[in-house]
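Protein chains in written order, with the numbering used here: chain A, 1 to 508; chain B, 1 to 363.
These aren't lab readings, by the way, just hints derived from the structure by calculation. Since the structure is predicted, the reported quantities are computational estimates derived from the model, not experimental observations. A virtual CB, placed ideally from N, CA and C, is assigned to each residue, including glycine. Misleading hints may appear alongside valid ones.
Said to hold, decoys possible - Covered stretches of chain A (chain B as the covering partner; in silico rule of three or more C-beta atoms under 8 Å from a C-beta of chain B):
no. : stretch
1   : 252-263
2   : 366-378
3   : 411-424
Said to hold, decoys possible - Non-contacting residues of chain B with respect to chain A, defined by C-beta distances greater than 10 Å in every case (computed):
no. : residue
4   : A133
5   : L151
6   : G164
7   : L268
In case you want the letters, here they are:
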Amino acid sequence: MKLFKIRGGVHPHDNKHLAAGQAIEDLPMPALLHIPLQQHIGAPAKPAVRRGQQVAKGELLALSQGAISAPVHAPTSGRVMGVGSYPAHHASGLSVRTVTLKPDGEDRWSDEIQGVPDPFALAPEEIAARVAAAGIVGMGGATFPSAVKLNLRTRYRLHTLVINGAECEPYLTCDDRLMREHAEQVVDGVRIMAHALGVDRIIVAIENNKPEAQAAMALAASMDARIRIARLPTRYPMGSEKHLVQALTGRETPARGLTADIGVVVHNGATAFAVHEALRSGRPLVSRVVTVSGGAVSRPRNLRVPLGARVQDLLEHCGGFAEQPARLISGGPMMGQPLPSTRVPMVKGSNGVLALTTAEVARHEPMPCIRCATCVQACPCGLVPLDMAAHTRAGDLEGAVSLGLMDCIGCGSCAYVCPAHIPLVQYFNYAKGEMAARGRAKQKMTETKRLAEQRSARMEAIKQAKREAMAKRKREAAAKKAAETAAAETAAMTSGAAAEPPATTAEA
Amino acid sequence: MQIEIPASSAGPFAHARTSIQRTMALVMLALLPATLFGFWQFGWPAIFLFFATVGTALLAESACLKLAGKPQRLYLLDGSALLAGWLLAVSLPPWAPWWIGAIGAVIAVVVAKHVFGGLGQNLFNPAMVARVALLISFPLEMTSYVQPMPLFSADAPGFLQSVGISLGQPGFDAVSGATLLSHVRTELSQGMSLSEIIPGIAHLVSGAVGTIAGSMGETSALLILLGGLFLLAKRVITWHTPVAMIGSLAILATLMNLYDPEHYAGALYHIVSGATLLVAFFIATDPVTSPVSKMGQIIFGASCGILVYVIRTWAGYPEGVAFAILLMNACTPMIDHYIRPRVYGRDRRGTPIEYADNAEMRK
Numbered sequence: 001m002k003l004f005k006i007r008g009g010v011h012p013h014d015n016k017h018l019a020a021g022q023a024i025e026d027l028p029m030p031a032l033l034h035i036p037l038q039q040h041i042g043a044p045a046k047p048a049v050r051r052g053q054q055v056a057k058g059e060l061l062a063l064s065q066g067a068i069s070a071p072v073h074a075p076t077s078g079r080v081m082g083v084g085s086y087p088a089h090h091a092s093g094l095s096v097r098t099v100t101l102k103p104d105g106e107d108r109w110s111d112e113i114q115g116v117p118d119p120f121a122l123a124p125e126e127i128a129a130r131v132a133a134a135g136i137v138g139m140g141g142a143t144f145p146s147a148v149k150l151n152l153r154t155r156y157r158l159h160t161l162v163i164n165g166a167e168c169e170p171y172l173t174c175d176d177r178l179m180r181e182h183a184e185q186v187v188d189g190v191r192i193m194a195h196a197l198g199v200d201r202i203i204v205a206i207e208n209n210k211p212e213a214q215a216a217m218a219l220a221a222s223m224d225a226r227i228r229i230a231r232l233p234t235r236y237p238m239g240s241e242k243h244l245v246q247a248l249t250g251r252e253t254p255a256r257g258l259t260a261d262i263g264v265v266v267h268n269g270a271t272a273f274a275v276h277e278a279l280r281s282g283r284p285l286v287s288r289v290v291t292v293s294g295g296a297v298s299r300p301r302n303l304r305v306p307l308g309a310r311v312q313d314l315l316e317h318c319g320g321f322a323e324q325p326a327r328l329i330s331g332g333p334m335m336g337q338p339l340p341s342t343r344v345p346m347v348k349g350s351n352g353v354l355a356l357t358t359a360e361v362a363r364h365e366p367m368p369c370i371r372c373a374t375c376v377q378a379c380p381c382g383l384v385p386l387d388m389a390a391h392t393r394a395g396d397l398e399g400a401v402s403l404g405l406m407d408c409i410g411c412g413s414c415a416y417v418c419p420a421h422i423p424l425v426q427y428f429n430y431a432k433g434e435m436a437a438r439g440r441a442k443q444k445m446t447e448t449k450r451l452a453e454q455r456s457a458r459m460e461a462i463k464q465a466k467r468e469a470m471a472k473r474k475r476e477a478a479a480k481k482a483a484e485t486a487a488a489e490t491a492a493m494t495s496g497a498a499a500e501p502p503a504t505t506a507e508a
Numbered sequence: 001m002q003i004e005i006p007a008s009s010a011g012p013f014a015h016a017r018t019s020i021q022r023t024m025a026l027v028m029l030a031l032l033p034a035t036l037f038g039f040w041q042f043g044w045p046a047i048f049l050f051f052a053t054v055g056t057a058l059l060a061e062s063a064c065l066k067l068a069g070k071p072q073r074l075y076l077l078d079g080s081a082l083l084a085g086w087l088l089a090v091s092l093p094p095w096a097p098w099w100i101g102a103i104g105a106v107i108a109v110v111v112a113k114h115v116f117g118g119l120g121q122n123l124f125n126p127a128m129v130a131r132v133a134l135l136i137s138f139p140l141e142m143t144s145y146v147q148p149m150p151l152f153s154a155d156a157p158g159f160l161q162s163v164g165i166s167l168g169q170p171g172f173d174a175v176s177g178a179t180l181l182s183h184v185r186t187e188l189s190q191g192m193s194l195s196e197i198i199p200g201i202a203h204l205v206s207g208a209v210g211t212i213a214g215s216m217g218e219t220s221a222l223l224i225l226l227g228g229l230f231l232l233a234k235r236v237i238t239w240h241t242p243v244a245m246i247g248s249l250a251i252l253a254t255l256m257n258l259y260d261p262e263h264y265a266g267a268l269y270h271i272v273s274g275a276t277l278l279v280a281f282f283i284a285t286d287p288v289t290s291p292v293s294k295m296g297q298i299i300f301g302a303s304c305g306i307l308v309y310v311i312r313t314w315a316g317y318p319e320g321v322a323f324a325i326l327l328m329n330a331c332t333p334m335i336d337h338y339i340r341p342r343v344y345g346r347d348r349r350g351t352p353i354e355y356a357d358n359a360e361m362r363k
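Excised from the complex, chain B in its bound form (with noise of 0.2 Å):
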C-alpha cells in the first residue's frame, strides 16, 4: 500500500535552504582542485577520460528515467548521476581508454543505481561498484598507471595524441609507473624490507602534494582534504566517519609498524597513498549507502578502516578500499537497524524512563 500525501496542507511553512541539487553541488566544488590537479598533472588523456566517464552517465541516467517514467528535468539535474561519474572518473587510471570509463559509468549508474530502484535507493556506492567491476573484469587497464606529466610540459602528449591515447591507440611512450601501494606491495613480497623499499619520507611528501603516479583524482592527498575539510565547514557531511575511518586505519597501521617496522608500513603511508582520503571524505560519507545515526557512522567508519588495513596487507589486491566500501556497504542496513539514537524520555531498550520522585504517584 502507497499512501499519497499532499504537500500542501501542513507545516512547516519555513525550510531551510537546502536542496539536493545543492548539497551534490557542494560535493563537486569540493571536489574541482583535486581534480583539476588531476587534468593537469595527466594532461588531455584524463580530461577525455572524465569527460567520456561521466557523459556516459548522464546518458545513461537519462535513458533510465525515461525507462522509469520519471520526469527527466527534475531528476537528470539533481546532480546525482554527474557526481557518480564524477567520482568514478577520480579513482580510474588517468590514461585509461575512454571505454573503460564509460563501460564504469553504465556499470554505475545502470546497475549499481538505478536496478535498485534509482536515487536513494541504491544499497552499493555506484562509483566503486563500477571501479571494482572494472578492475576485476579488465586488470590490464585498470592497472596501468603513468607517471605524471603536466600539461604543456615537453614530455606530455600532445591534443591529437591524446585523442590516440583515449581511443586506446599505442604509439606514445608514456613512463609508466607503479602507485606507491603497489610498488610497496611487489617489492614487499619479493623479501625486501621497508627501509629499503621507501628511501626516507620523500614518497610521502610526492604521495601528499601528489607528484606520483595514481588514480586520475586521488594523487593529491592534500588537495583531497582540502575538500573534505570543506565539506565539513558547510555541514554537508560530518566528522564522525571520516575520523572514523582513519583513525581505525591509523592506529592498526601504527601498531603493527611498532610490532614489525620492516614489514608492516606506518600510519601516514597508508593515509596519503590510495584512495585513502578520497574514499574517507568522499565515499564512505555518501549518505545513501552509509548509516544515520551517529553511532552507526563511527562503527562503519571504524569498519571500513579495519577493513582497508587487512585488505592492503594481507589480501590480494595493493588497494583495498573499494573493497572495504562494498562489504561495509552491504552491512549498512544491519547497523541502522541495531545502532539508534536513544529516544527522549526512554532508556536505550525504549522503556520510559523513570523517576522517583513521582512513580509511585503515577498509578
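Okay, chain A solo, but in the shape it has when bound (with noise of 0.2 Å):
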C-alpha cells in the first residue's frame, strides 16, 4: 500500500540479528513471582486475595479501581506469601505495592477461566468488558488500558485499526516472534478488535526488516480482506503511534489530540495476541514475550515469561553475562529506562531486558553545542531541539514551552544523532518534569487560596451571625423589656389608675 513521508528520525543500527532468530521460549518458572499492583497507566489495583490463600492460574489477585485501571491476575497457581512493597520495575527502584507469589509447580488454570465460542457474536461494549477483565494493557510499553481505547468508539468517529508491528526500537524481536510464530492468533484479535470499535478498514503495519514476521502476518490475514499488511521503511521513530498514523494516512493527529482525532486507533500486535487469549480461551494478561539481548548477554532470546518474574531470573536462563554490562535497560534503547537492580519484576509493558556494553552505549563527554542543526533535522516532530536545551539550561522553563517542549514525545532521534553528546533528551524530561510541578504547586496554591478565601468569608459569616444575634437578642430583650413596662403600665391602668394617664404618653 501507498505510504507517506514522515519528516526527521534516525537510522540507529538495530541489532536484531542478535535474537531475531530465537524461537520463543517459556521460562522455567522461578521460585518466586512478586506482582506489582500497578503495571498500567492509571489507578493501582486494589488487592484481593490475603496472605496464605491458595489461587489458581487466572485467578484475579487484584482489582481495577477506576476507569482507567486494569486487574492484576495470577500468573500461575500457587500460595499468596504476602501483599507488601517490593521494587517497582522502575529506573527509581522505588517500593511498590507487590502481591509476591510462591508457585506450587502445577501451573493450573482456574476453573471459571473460559472462552466465548464466538467473539463476534457479542455486543462491541461486552467485548471491550471482558478485555477489561483480562486486565490487558497496551503492550508496546505505554500500558494504556486497551479497554478504554477500545471503547472509545462511544466519543469519536473512527474508520481504521492499525496494528503496531513497526517494533522500530532496536533490539527488541519479541512482536516479530510473535506475529512469526503466532500469526493467526494475532491476526483473530485483531479482528475483534475491529469489530468491537465497528471499523471495517484495518492496517498491519510492519517495518522492513521483519520479511518473515510481513510474510506470516500477510498469510494469516488472507482469510480477511478488510485486512492490509503495510510495508515500512526501517525508521525510528516509525512506531510512534502519531507517526505510524501519518506514514500511513498523510494525515496529523492534531496537536495534544489522539489519533481518534482523525478517526484511527492503534492497537500493539502483542495486544491483539492477549486480546485473543482473553476472548477465545478467557484467559487474562498473566505472561508475554520478551527480548533478553545485548552484547552483554551470554545467549540473546527471546522468552515468554510469567508476569512477576526477576530479570534476574530471565537473565540467568539467558547464560548470565558474557561481560560486565555498562548498563541494564528496560524497553529498547532509545527511549528504555535503566534498570536500578536486576531483582525488579517483569510487568505488562516491559518488552525487552538489554544488557549492553560500554562500547554499544557509546556515551562520551558531552561538549559545547554548535548549533550543527543534527538534532533539528532528526526531530520527528519539527522542533528545534538545541534552541529548547538552551532555554532549559538557561533556567527560561516558560521559554522551552513556548518553543514546542509539550509536543516534544522524548523519541531520543536529538540525542542520539548530537555530535555534541548533549544528553538533550534529559534536558527535555527535566523541564517537562519541573513544568508539571511547578503547575501542581500553581493549582495547589490557587486551592489553598481558595480555601483561605472561603475559610475567611465563613468566619466573617459567622461573625455577622454571632452580630445579628446579639443585636437580636437585644432587641428582643429590649421588646420584651417594653412589653413588660407596658404589661405592668395597663395592669396598673386596669387596677384602678385609669385617670392618670400613664408617664410615658405624657413625656411622649
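Using the hints, build the complex out of the two chains.
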C-alpha cells in the first residue's frame, strides 16, 4: 500500500540479529513471583487476596479501581506469601505494592476460565468489558488500559484500526517473533478488536527489516479482505503512534489530540494476541514475550515470561552475562529506561531487557553545542531541540515551552545524533517534570487561596451571624422589657389608676 | 539559573558514531587537497604562513582555555581552533609575512571566539572576522598577491629565501600579480569593457584549475568543489546554504550580464573567482554562525550570494565575500527567531491543526 513521508527520524544500527533468530521459549517457572499491583497507566489495582491464600492460575489478585485502571491476575497457581512492597520495574528503584506468590509447580488454570465460542456474536461493549476484565494493557510499553481504547467508538467517529508491528526500537524482536510464530492468533485478536471498534479498515504495519513477520501476517490475514499489510521503511521512530498513522494515512494528529481525532485507533500486535487469548480461551494477561538481548548477554533470546518473574531469572536463563554490562535497560535503547537492579519484576509493558556493553552505550563527555542542527533535522516533531535545551539550561522553562517542549515525544532522535553528545532528552524530561510540578504547585496555591478566602468568608459570616444574633437578642430583650413595662402599666391602669395617664404617653 | 543534569540517568542508550572532533576532522580532510595544491603552487612561504597561522591559533586557544578554566585536552583537541586557523590561512595571500597569519589567528581565536564565550557561542565566523580585520589594518600586505611558482620549479624561492620572505625581508624578486577579481575591477574602472579585459575563457579555466594569483587555498575552484562535494556526501553539510548562495550569485550575475555584457561579468566568472566556492562550502555552512532550519539556511545562503555580487560590483572592495558573510552572520539570530520548522500537529502559526472528522466530538 502507498505510504506517506514523515519528517525527521534516525537510522540506528538495529542489532536485531542478536535475538531475531531465537524462537519464543518458555521461561521455567521461578521459585517466587513478585507481581506489582500497578502495571499500567492510571490508578493502581486494589488487592483482593490475603496472605496464605491458595490461588489458581488466572485468578484475580487485585481489582481495577476507577475508569483508567486494570486488574491483576495470578500468573500461575500457588500460595500468596504476602501483599507488601517490593522494588518497582522503574528507574527510581522505589517500592510499590506487590503480591508475592509462591508457585506450586502445577500451573493449574482456574476453573472459572472460559472462552467465548464466537466473539463476533458479542456486542462491542461486551468485548471491551472482557478485555478490561482480562487486565489487558498496551503491550508496546505505554501500558494504557486497552479496554478504554476499545471504547473510543462512543466518543469518536472511527474508521481505521492500525496494528503497530513496527517494532522500531533496536534490539527488540519479541513482536517480530510473536507475529512470525502466532500470526493466526494475532490476526484473530486484530479482527476481534476491529469488531469492538466497529471499523472495517485494518492496517497491520510492519517494518521492512521483518520480512518473515510480514509474510506470516499476510498469509494469516489473507482470509479477511479488510486487512492490509503495510511494509514500512525501517526508520526510528516509525512506531510512534502519531507518526505511524501519518505514514499510513498522510494525516497528522492535531497537537495535544489523539489519533482518534482523525478516526484511527492504534493497538500493538502483542495486545492483539492478548485479546485473542482473553476472548477465545478466557485467559487474562498473565505472561508476555520479552526480548533479552544486548552485547553483555551470553545467549540473547525471546522468552515467554510469567509476570512477576525477576529480571535476574530471565538473565540466568539466558546464560548470564558474557561481560560486565555498562547499563541494564528495560525496553529498547532509544526510549527504554535504566533498571536499578536485576531484582525488579517483569510487568505487562516490559518488552525488552537489555544488558549493554560500554561500547554499545557509547557515552561520551558532553561538549558545547555547535548549533550544527543535526538535531533539528532528526526531530520527527519539527522542533528545534538545541534552542529548547539552551532555554532549559538557562532556567527559562516557559521559553522552552513556547518553543514546543510539550510537543516533544521524547523519542531521543536528537540526542542520538548530537555530535556534542548533549543529553537533550534529559533536559526535556527535566523541563517537562519541572513544568508539571510547577503546574501542581500553582494549582495547590490557587486551591489554598480559595480555601483561605472561603474560610475568611465563613468567619465573616459567623461574626455577622453572631452580631445579628446579639442584636436580635438585644432587640428581643428590649421588646420584652417594653412589653413587660407596657403590661405592668396596663395592669396598673386596669387596676384603677385609669385617670392618671401613663407616664410614657405624657412624656411623649 | 543554571541547571545541572546528570549525564547517565536516561536514554537514549545508543548513539550515532559522531562527534565534534569527527566533524571537524572531516572538514579538514575536505580542505586538504586545495591546501596541498596551494602549498605546491606558492612554495615554502605559503607553508610557513600556514604553520604560523595554525600554530598561533592553537597557542591562543590554549591560553584562552587556561584563563576560562576549561579542560585543555578535551577542548584543544576538539579541532575548532585548528580549523579556524586553517580556514584563515587558506584565505590569506600566500606570501604574506608570518606575523599577518599570527595576528589574524589571535584575532580569530581570542576576539572572534573566546570573547563571545568559546566554542559554539560566537556570533561571527572567526576566520572571516580575522580576514576582514587584517584587510582593513594591513591593506598592503593583504593585497600583495604573487603569481604561482610551483615548488621546486626554477623560479621558486629556495628554503632559506623563503624564510626571508616569511620574515618580511624584501629581496626576492617575485612576480606579483593581481587576482582575477582585482584585475577586472581595476580595468573596468579605467573605462575598459569586459571583452577587452577578459580575452576568452582562458582566465576562467585557469581560475577553475587554480593556476592564477590568489589566496593560498582558494585558487583552485575545482579542488574546493571536490572538498565541498565530499562534505555533502558525508552529510557534514547540507546542500541548502551552498546551493542558495551560488544560485543567487549566478542568477544575479546572469541577469546583469544579459543587461550589459560589457560591464557586468557572467555567472561563471563570479563562481570560479575569489573565495566564492570556499566560502559557500566551508564558511557559510559554519554551523555556529548560520541558521539551523533548512529554510533559514536557504535565506542565509541566498542573501550571502546577493551581498557578494553587490559588494564586488558596486562597493569599494574587489572581493566581497568576507563582508557578505559577516553581515549575514549578524542576521542569523533574527533568521532563527522568525524561521522555524513547522511543529507536528500544528500549523505554521503554532495553532493545533483541526480536521472536520471529529472536531465537534472533541468539544
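Margin query: So, against the hints stated earlier in the document, which numbers end up violated here?
Written below: Going through the list in order, the structure violates no hint and respects every one.
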